[in-house]
Amino acid sequence: MNEVRSRLSKCFAAVFPELIEAEILRATPDSVASWDSLASVTLVSVIEEEFSVEIKPDDLEQLVSFDKVLNYLEQTKSVA
Amino acid sequence: MKLIEALSIIPKSPNPGPNSGNEPLAVALVCGFTPLHLQTFLHAELQLLFPERRIELTTGLYGDIFGTLQGLKGQRLDAVVLVLEWSDFDARLGLRQLGGWGPQHLESVVERVDVWLAQLRLLLAEIGPAIPVAISQPTLPLPPLFFTPGWRGSFYELKLKELLAAFAAALGQHTRIRIVNEQRLGQASPPAGRLSVKSDWTTGFPYQLTHASALAALLARLVRNPLPKKGLITDLDNTLWSGIVGEVGAEGVHWDLDHHSQAHGLYQQMLRTLAEEGVLVAVASKNDPGVVEEAFQREELLLPRERIFPFAVSWGSKAKAVAEILESWNVGPESVVFIDDNALELAEVKAQHPEVECLQFPIDKPQALYELIEQLRDWFGRGTISEEDALRLDSIRQRAGLRQPTDEREGFAESLLAEVEAELTFDFRKDPHDQRALELVNKTNQFNLNGQRYTEAAWHDYLAQPATFTLTASYQDRFGRLGKIAVLTGRSGAGKIHVDAWVMSCRAFARRIEHQCLRVLFERSKTDYITLAYAATARNGPLTSFMKELSPDSSVGEFRLTQAAFAAICPRLFHRVVEENHE
Numbered sequence: 001m002n003e004v005r006s007r008l009s010k011c012f013a014a015v016f017p018e019l020i021e022a023e024i025l026r027a028t029p030d031s032v033a034s035w036d037s038l039a040s041v042t043l044v045s046v047i048e049e050e051f052s053v054e055i056k057p058d059d060l061e062q063l064v065s066f067d068k069v070l071n072y073l074e075q076t077k078s079v080a
Numbered sequence: 001m002k003l004i005e006a007l008s009i010i011p012k013s014p015n016p017g018p019n020s021g022n023e024p025l026a027v028a029l030v031c032g033f034t035p036l037h038l039q040t041f042l043h044a045e046l047q048l049l050f051p052e053r054r055i056e057l058t059t060g061l062y063g064d065i066f067g068t069l070q071g072l073k074g075q076r077l078d079a080v081v082l083v084l085e086w087s088d089f090d091a092r093l094g095l096r097q098l099g100g101w102g103p104q105h106l107e108s109v110v111e112r113v114d115v116w117l118a119q120l121r122l123l124l125a126e127i128g129p130a131i132p133v134a135i136s137q138p139t140l141p142l143p144p145l146f147f148t149p150g151w152r153g154s155f156y157e158l159k160l161k162e163l164l165a166a167f168a169a170a171l172g173q174h175t176r177i178r179i180v181n182e183q184r185l186g187q188a189s190p191p192a193g194r195l196s197v198k199s200d201w202t203t204g205f206p207y208q209l210t211h212a213s214a215l216a217a218l219l220a221r222l223v224r225n226p227l228p229k230k231g232l233i234t235d236l237d238n239t240l241w242s243g244i245v246g247e248v249g250a251e252g253v254h255w256d257l258d259h260h261s262q263a264h265g266l267y268q269q270m271l272r273t274l275a276e277e278g279v280l281v282a283v284a285s286k287n288d289p290g291v292v293e294e295a296f297q298r299e300e301l302l303l304p305r306e307r308i309f310p311f312a313v314s315w316g317s318k319a320k321a322v323a324e325i326l327e328s329w330n331v332g333p334e335s336v337v338f339i340d341d342n343a344l345e346l347a348e349v350k351a352q353h354p355e356v357e358c359l360q361f362p363i364d365k366p367q368a369l370y371e372l373i374e375q376l377r378d379w380f381g382r383g384t385i386s387e388e389d390a391l392r393l394d395s396i397r398q399r400a401g402l403r404q405p406t407d408e409r410e411g412f413a414e415s416l417l418a419e420v421e422a423e424l425t426f427d428f429r430k431d432p433h434d435q436r437a438l439e440l441v442n443k444t445n446q447f448n449l450n451g452q453r454y455t456e457a458a459w460h461d462y463l464a465q466p467a468t469f470t471l472t473a474s475y476q477d478r479f480g481r482l483g484k485i486a487v488l489t490g491r492s493g494a495g496k497i498h499v500d501a502w503v504m505s506c507r508a509f510a511r512r513i514e515h516q517c518l519r520v521l522f523e524r525s526k527t528d529y530i531t532l533a534y535a536a537t538a539r540n541g542p543l544t545s546f547m548k549e550l551s552p553d554s555s556v557g558e559f560r561l562t563q564a565a566f567a568a569i570c571p572r573l574f575h576r577v578v579e580e581n582h583e
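For the record, the sequence lines run as chains A and B.
Mapping to the numbering used here: the first sequence position 44 is 44, numbers consecutive.
Mapping to the numbering used here: the second sequence position 320 is 320, numbers consecutive.
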C-alpha cells in the first residue's frame, strides 16, 4: 500500500511542483492555490496513466484531496 | 513520454540572464481544441531539444484557428505550431456538435472544407515567410457520417482527403512551412489509438495521451529543424557489398536479389541518393587498394567511384582512416556517420572519435537494414537541396588535388592563386529567405567570428532592422565553382561599420577570400575603421588565426580594425570582383 501512496505522491508532485511532501499529503483544492479545474484534469490524467485506471466522470467530484484519491485508488484496485 | 515525465521536465526550464545570448524560444501553439496535454508534451519536447532556452509557449482561443493566426501577424515568434483536425474544417466532422450527418449534408461538408482550406492556405502564405510554421494535418479518424460501410471508402471521404492532400502539397513547397510526416506519426501512434471520445466530451481535448505525446515529439522536431549531418564513411566487405573482395575477387562480390544480397544493393542505392543530395561519402576499408580498384570497375555498382571521396584503403587502423577522411573533408566528427559490419572496428572508431555516429551494418537482418536506411534518412534529411550541396564534393576533391595544406588556412602558392582566374561575387541584398546564408551562419564552426547562431525567426528579425546589412560571397575559378561560401552581416550608421557575424566555409580557405571581404567592406563603406564582434569558441581556431594576422595582440570582444592596419597586412589579391545589389 505504501507503494500506491508513494506513486500517488509523485503524481501530485508533478502537477503541483511547488508543494513539499507534507503539503502534498494535506492537499485539497482549498489549500492549494494552483488546484484549479485545469490542474484537476491534469491530475486525473496523470493518475489514470500512472495507475492504468479509468476514472469515471461522475467520480471526479469526490477526488478532492490526496487522501480521497488514495482511498479511491485502493478501492478500485481491490475491486479489480 | 508519459505525462508525469513531461510535467517534471517543464519546471526545469532555464532562466538565462539578459546577456546570456540565449533568448527565450517563443512558440505559438494553434489548435481548435483545448490544447491541454498537447501543450504540456510540446513544452517538454521543446525543452529537451532546446535545453539552453526558456520555452515560452502560448495558445489561442478554443475553436478559433483563423482568429488566433491573424493575431500572430507581426509578433516576435520563433515558430508557430498549427495542429489541425477535421472538426476545425467543419464542426459536423467532430463529435461535439450534433445535428447533421445525413446524406443531404455531405455535399455541403465537402464544399465547406474546400473553402476553409483555401482560406487557411492564403493566411499561412502570409505568415509562413516571416515565421516558421510546423503543421500537423488531421490525425483523428473521420466519424462514420458517410453512408458506405466502414470498410469501403466513400466518395465524399475520398474527396475530403483529396482536398487535404492538395492543401498540404501546396504548403509543402514553402521552405518555412513544415508538415508532419503522417507515415512516421503512424509508426509512433497507430491510428486506432489516437481518439479519446471521453476526453473530447469532458474537456474538449480529443487525444489519447500516447497520441498527444507522439505528435508533440514530431512537432517539436519540426520546430528544431536540426542541421543534417554532412558525411558518411562506409566499409566495403559485407557492407557495401556481400563477400570479401580480397578472397572472392572483384567479380565474386554481390548486391542483388539473385545472390540473396539485396540489402547491400539497397544500401548502395541509399548512399548514391545521399551523395546526389550533397552528402560526402568516403570509404574506409582494410583491403588491398588494387583489388578495391578492380571492384569499382564494375559498371553495375549503384554507388560509382566518382561519388566517393576519399578512398582510405589500407591494412591500417580504421580509426586512423576515419581521422584522415575527416581531415580531407575538413568537417567535424559530430557531422559524420561511420558504418561497418564489424563490431570491433566500430568500437575502435567510437573510442577514437566519440562524436562520430557508428552504426553496425546488419547482416542477414532485412528489417534491421531497412531501419538503418530510415535512420540515415533522418540524419541526412534536409528541407531543400541547394546548388552548394551539389558542388560540395567537387570542391573538396579539387582542393585535395591542388595540395595538402598542413595548416587549415595555409595559403596556396602565390603563383597558383594568380593563375586560377578566381572570381568573387559579392551580393549585398538582404534576403531573409536565403536559406544558404542562414545555413552557413548556423553550420560553420572554424571560420566563424563568434559562434553566434540564429533561429529562422531571429535571422528574419535581424535582417528586417534598417541598420543591418549583409554581404554574401560566391566563388569560382577555373577548377570549378564553390558557390556561396561566405556571409558577413553587421550594422552601419553614422559612418561606422560593426560586424555582428562573419562565417566562411572551410572549402574556401586559403584563397584570400577573407581579405577580399574586408577590402570590399572598407571600399564600399568608406570608413576609416570597422569593429568586429569577435569571440573565441572551442572550434574557431582558423578565424582566431586570421584575427592574430590582422593584429597580433587581438583579444576577444569588440575588435577594431583600421583601414591603414588592414592595408599594411593585406596580401596581393587576384580575384576578379563582381558586386551585386549594392545601394
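No wet-lab data here; the hints were simulated from the structure.
Because the structure is a prediction, the values reported are computed rather than measured.
We treat Cβ as the ideally placed atom computed from N, Cα and C, and that holds for glycine.
Each hint should be verified, as a subset may be incorrect.
[Stated by the list, open to error] Covered by chain B, according to a simulated footprint, are these stretches of chain A (three or more residues, beta-carbon under 8 Å):
1. 44-50
2. 61-68
[Claimed, not checked] Restricting the straight-line Cα-Cα distance to at most 30 Å, the calculated cross-link-like pairs of lysine-lysine (BS3-like) are:
3. LYS56(A) with LYS2(B)
4. LYS230(B) with LYS68(A)
5. LYS320(B) with LYS443(B)
6. LYS2(B) with LYS12(B)
7. LYS350(B) with LYS230(B)
8. LYS320(B) with LYS56(A)
9. LYS10(A) with LYS526(B)
10. LYS286(B) with LYS365(B)
11. LYS430(B) with LYS320(B)
12. LYS230(B) with LYS286(B)
13. LYS10(A) with LYS2(B)
14. LYS56(A) with LYS10(A)
15. LYS198(B) with LYS161(B)
16. LYS73(B) with LYS430(B)
17. LYS430(B) with LYS350(B)
18. LYS68(A) with LYS2(B)
19. LYS286(B) with LYS320(B)
20. LYS12(B) with LYS10(A)
[Unchecked claim] Here are the computed distance ranges between Cβ atoms for each label pair:
21. GLU5(B) with LYS68(A): 23 to 33 Å
22. LYS10(A) with GLY381(B): 52 to 62 Å
23. GLU21(A) with GLU5(B): 16 to 26 Å
24. ARG26(A) with GLU334(B): 30 to 40 Å
25. ARG453(B) with ASN2(A): 44 to 54 Å
26. ALA536(B) with LEU38(A): 28 to 38 Å
27. ALA536(B) with VAL4(A): 21 to 31 Å
28. LYS12(B) with GLU21(A): 37 to 47 Å
29. VAL115(B) with SER6(A): 48 to 58 Å
30. VAL115(B) with ARG26(A): 52 to 62 Å
31. LYS12(B) with VAL4(A): 22 to 32 Å
32. LEU38(A) with GLY383(B): 48 to 58 Å
33. THR148(B) with ASP67(A): 49 to 59 Å
These are the hints, each one checked on the structure:
{"no.": "1", "hint": "44-50", "result": "holds (count 4)"}
{"no.": "2", "hint": "61-68", "result": "violated (count 0)"}
{"no.": "3", "hint": "LYS56(A) with LYS2(B)", "result": "21 Å, holds"}
{"no.": "4", "hint": "LYS230(B) with LYS68(A)", "result": "57 Å, violated"}
{"no.": "5", "hint": "LYS320(B) with LYS443(B)", "result": "25 Å, holds"}
{"no.": "6", "hint": "LYS2(B) with LYS12(B)", "result": "16 Å, holds"}
{"no.": "7", "hint": "LYS350(B) with LYS230(B)", "result": "18 Å, holds"}
{"no.": "8", "hint": "LYS320(B) with LYS56(A)", "result": "63 Å, violated"}
{"no.": "9", "hint": "LYS10(A) with LYS526(B)", "result": "65 Å, violated"}
{"no.": "10", "hint": "LYS286(B) with LYS365(B)", "result": "24 Å, holds"}
{"no.": "11", "hint": "LYS430(B) with LYS320(B)", "result": "43 Å, violated"}
{"no.": "12", "hint": "LYS230(B) with LYS286(B)", "result": "23 Å, holds"}
{"no.": "13", "hint": "LYS10(A) with LYS2(B)", "result": "13 Å, holds"}
{"no.": "14", "hint": "LYS56(A) with LYS10(A)", "result": "22 Å, holds"}
{"no.": "15", "hint": "LYS198(B) with LYS161(B)", "result": "26 Å, holds"}
{"no.": "16", "hint": "LYS73(B) with LYS430(B)", "result": "21 Å, holds"}
{"no.": "17", "hint": "LYS430(B) with LYS350(B)", "result": "42 Å, violated"}
{"no.": "18", "hint": "LYS68(A) with LYS2(B)", "result": "24 Å, holds"}
{"no.": "19", "hint": "LYS286(B) with LYS320(B)", "result": "11 Å, holds"}
{"no.": "20", "hint": "LYS12(B) with LYS10(A)", "result": "16 Å, holds"}
{"no.": "21", "hint": "GLU5(B) with LYS68(A): 23 to 33 Å", "result": "25 Å, holds"}
{"no.": "22", "hint": "LYS10(A) with GLY381(B): 52 to 62 Å", "result": "38 Å, violated"}
{"no.": "23", "hint": "GLU21(A) with GLU5(B): 16 to 26 Å", "result": "20 Å, holds"}
{"no.": "24", "hint": "ARG26(A) with GLU334(B): 30 to 40 Å", "result": "50 Å, violated"}
{"no.": "25", "hint": "ARG453(B) with ASN2(A): 44 to 54 Å", "result": "49 Å, holds"}
{"no.": "26", "hint": "ALA536(B) with LEU38(A): 28 to 38 Å", "result": "47 Å, violated"}
{"no.": "27", "hint": "ALA536(B) with VAL4(A): 21 to 31 Å", "result": "55 Å, violated"}
{"no.": "28", "hint": "LYS12(B) with GLU21(A): 37 to 47 Å", "result": "19 Å, violated"}
{"no.": "29", "hint": "VAL115(B) with SER6(A): 48 to 58 Å", "result": "54 Å, holds"}
{"no.": "30", "hint": "VAL115(B) with ARG26(A): 52 to 62 Å", "result": "55 Å, holds"}
{"no.": "31", "hint": "LYS12(B) with VAL4(A): 22 to 32 Å", "result": "27 Å, holds"}
{"no.": "32", "hint": "LEU38(A) with GLY383(B): 48 to 58 Å", "result": "36 Å, violated"}
{"no.": "33", "hint": "THR148(B) with ASP67(A): 49 to 59 Å", "result": "53 Å, holds"}
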